[in-house]
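Enquirer: Protein sequence lines correspond, in order, to chains A and B.
Here the first sequence stands for residues 1 to 494, where the numbers follow my numbering.
Here the second sequence stands for residues 495 to 970, where the numbers follow my numbering.
It is worth saying that the hints were derived from the structure and are not from the lab.
Don't be surprised by glycine CBs; every beta carbon is placed ideally from N, CA and C.
Don't take every hint at face value.
[Stated by the list, open to error] If the Cβ cut is set under 10 Å, some of the chain A residues that face chain B in the computed set are:
hint, residue
1, L73
2, E112
3, I179
4, A190
[As the list claims (entries may be wrong)] Restraint ranges, calculated between C-beta atoms of paired labels, are given here:
hint, chain 1, residue 1, chain 2, residue 2, range
5, B, V940, A, K107, 39 to 47 Å
6, A, I3, B, P921, 58 to 66 Å
7, B, S681, A, T64, 46 to 54 Å
8, A, R430, B, L769, 50 to 58 Å
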Amino acid sequence: MNILSLFVLIPLLMLAGLWASRTLNQTRGVMLAGSSALLILAIGLAVEYTNLRQGGATADMLFTDSVTWYEPLHIAYSTGVDGISVVMLLLSAIIMFTGTFASWRLKPMTKEYFLWFTLLALGVFGFFISTDLFTMFLFYETALIPMYLLIGVWGSGRKEYAAMKLTLMLMGGSAFLLIGILGIYYGAGATTMNILELASMSIPANIQHIFFPLVFLGFGVLGALFPFHTWSPDGHASAPTAVSMLHAGVLMKLGGYGCFRIAIWLMPEGAQEWSGLFLVLTTISVVYGALSAVVQTDLKYINAYSSVSHCGLVLFALLMMTRTACTGAILQMLSHGLMTALFFAVIGMIYGRTHTRDIRLLGGLMRIMPFLAVAYVIAGLANLGLPGLSGFVAEMTVFVGSFEHPDLFHRVCTIIATTSIVITAVYILRTVGRILYGTCKNPEFEKLTDATWDERTAVICLIACVAALGMAPYWASTIINESVAPVIERLACS
Amino acid sequence: MNIATLLHMQPEVMLACFIIILLFADLTIRQPNHRILQLITIGLLLVHLATNLTLSEETLFGGMYHSSPMSSAVKSILTIGTLLVVLQAGPWIRLSDNNHKAGEFYILVFTTLLGMFFMTSAGHFLMFYVGLEMASIPMACLIAFDKYRAGSAEAGMKFILSAMFSSALMLFGISLLYGTVGTLYFSDMPEHIVGSPLQMGALVFFFAGLGFKLSLVPFHAWTPDTYQGAPTTVGGYLSVVSKGAAAFALVNILLRVFGPMAENWELLLSVVIVLTITVGNLMALHQQNMKRFMAYSSISQAGYILLAILAGATGTAALTYYILAYMAANLAVFCVINEIEQHTGGHVDRDDYRALYTTNPRLTLVLTLALFSLAGIPPFAGFFSKFFVFAAAAREGHWIVTFLALINTVISLYYYLLVVRAMYIDPSDNPAPTFRTGRLGQLTLVVCLIAIVALGLVSPIYETLCQAAMLTFGAN
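The shape of chain A in the complex, shown without the other chains:
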């Protein structure tokens, strides 16, 4: 039992607390206490991790621990973190904390909502701390299924359709993943499920060639890889605010993390073999996602397509397989998680007041709700990569790293993907102009109020994080860069 297990234990206690809670205030109290505890824990872990690294710890993963679970199949509950997991845990804790505030006034069935929400968080945290293939997969699927009810019951619009589509597509992805996991396990001689041990073995090249695409696709579905991204716009648009935040902010990162940690790390030869095809697909994701966002009229759809584009960039950079690009990919995961959560939070708050997300019906909101409007502008600027905010750091690293690749094909892909920056500016500025400036088209809107205290807490936290990452990326990029190294070395050897 080490510090990492607390990331699973606290959500479990929260589930028990929520189950026992009788009143709304008790439910909120449990959520507030639990999510604060997780946030403090994540910050503590980050500090401790940095100290250990500076103290000279050189192992790939720190805080490792392993308890045998199913002996016949070598399944163990193994935990361990490197720099990538640390920043992902921090991101998840921040989004969970702010998500709690964003759904502070959610009705009806608040208790049930938070139960499923916490189960989702449990899956996410468990996934990032695990180093065992089976346990990782278990947590991964645990995180997926609550989405169905969260969207189906508390969502809006075509929620039944969206919930079913999302669940089935993601579960379809995990079917590929499961066969991939079995392939890795038996391919490496069926002696261990531990990723760290598997990384030191070599899986025969022909097996890697078969199972790499399966695993990459399996995680890629969650990372909104073209053409398997179609669940994302519908799902995000229908989900309640905090679920959109957690889903776009954290859950989609499970895809990128899995691609990197399992597919690329464990099967470097497969990655070399297949990178061309997937690079084309991710390039399409990046550009197509951005172009689709330009023509949308629903605020959430705009942001959902923008997520497709930005998450595509994560996978794109991972496939470049240079150290800088991979660091950029992880930074992009972090940055996109924060700014997209901010975006969805603000959109949810605007929608909660105006009851429409159609940009043709909105206008002049800057005068009516200045706080939310400014927050929207900041989120938008971060999205289009304004220096000083997180988006710039991440995208800069990604594109510089990608262009480092000497191959012509890779450079052409990079140049095509770079156009997305311009397209992003188009849809962000267009939306900001439409809904925040100009005249208010609906006299009813004049009476609307600005953000309440709980909403302000959520928004200010997120803005602070986006700005912090934008202005002082050194800590994050250093620990990520160190942790990317072993994967890149393995790739170089293959």
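Based on these hints, arrange chain B on the given structure of chain A.
Expert: Below, chain B without anything else, positioned relative to chain A:
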């Protein structure tokens, strides 16, 4: 031959004694007797469960009867399943039509169970056949138990006809086998099995016969009608206990008798697995009646059971574990269906479950978790059992079948989610009224729920089964 050796078949002997005890109890207790009889039955089953602990390999009657650690484990699982069925029978058996025949119900259940025990530990084809018939004929009575309801009588008729037909096919297969090897003892057969055309025929006919019991496609046509017509409690019994026994009997015979022909039956099984899972799933998509829906779901589940059988000796632990996990989830579903049916005056359509969450939140939660377990969602037992089956099949190199089965889990998730959607999301003008489940019903649900949650998270159960499999079939 003395009394001491007879003790090796203690589960069967005890069960036979129980039947006699129940007969006398039924005669002597005054009407209405359903409650007392139910409690007696539960007590007897608990005693049976507590004493059924043979862990050694034993052969009796010159090889007619063969008990092994694995068959002992399977018998325990079947007993647990029966216990859960008896526990949930209350609301249905209390009905005025059935009240006076409560005793018969329990006796018939015990008789079928006895037959299944003989099936699982048969060492001779004749013994196996007798066990099989003993399990099927009283089962038809159970299915037709609501004899004044046209559906039930019809279902009983359909079941007995298809059971007889499948028995005839199987007997034909056995006779072909006898013709080529000249013996009916399992242990004497493998040395003569060479895969000759006649033996291939025997295998196919035998497999077809058991395929009816397991409701594998293309032998599944009786299943939906029977499940729909049968009393819900009996449907639950049919879907897990009877299926579990048939599955174990099949793997036992395939490994012990047809072991040398493994290549032949692996191809046969692969095709049937893919057909069974896919057809079961596709047919389940459009079912409105919950019992019919569960029938198709159980067909597709049988495909996964068969996948474990395909993995041979490696898969036996996964097979038994799968049956256990499937039993917990499926019996919970049938218990909920039964409770709702009895409390709403016979409503069993999915639309009747709309907005159930608003009126019966706890029942809804149990049903949701049970369905998630059936669909193989972690952290519930169904996920672990499916994973072990896939791992066993993949280990034996059946990658393509495993892959197709995996893709099918997504389809199955869709229709299980439809029920969840009806209960949580769809609005309804008149949802089922709020009601209290009886105490024994609650107990069933709690036991099932604990099993659904704990079976996977607690590893010793599977590891024990792995050991039993190693002792019995030499799987490692």
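Enquirer: Hint by hint, note whether the structure agrees.
Expert: Outcome of the hint check:
1. L73: holds (6 Å)
2. E112: holds (9 Å)
3. I179: holds (5 Å)
4. A190: Nearest chain B Cβ about 7 Å off; hint holds.
5. V940(B) <-> K107(A): 39 to 47 Å: violated (31 Å)
6. I3(A) <-> P921(B): 58 to 66 Å: Once the Cβ atoms are compared, 46 Å apart, the range 58 to 66 Å for P921(B) and I3(A) is violated.
7. S681(B) <-> T64(A): 46 to 54 Å: holds (50 Å)
8. R430(A) <-> L769(B): 50 to 58 Å: The hinted range 50 to 58 Å holds for R430(A) and L769(B), with Cβ atoms some 54 Å apart.
Of the numbered hints stated above, those contradicted by the structure are hints 5, 6, listed in ascending order.
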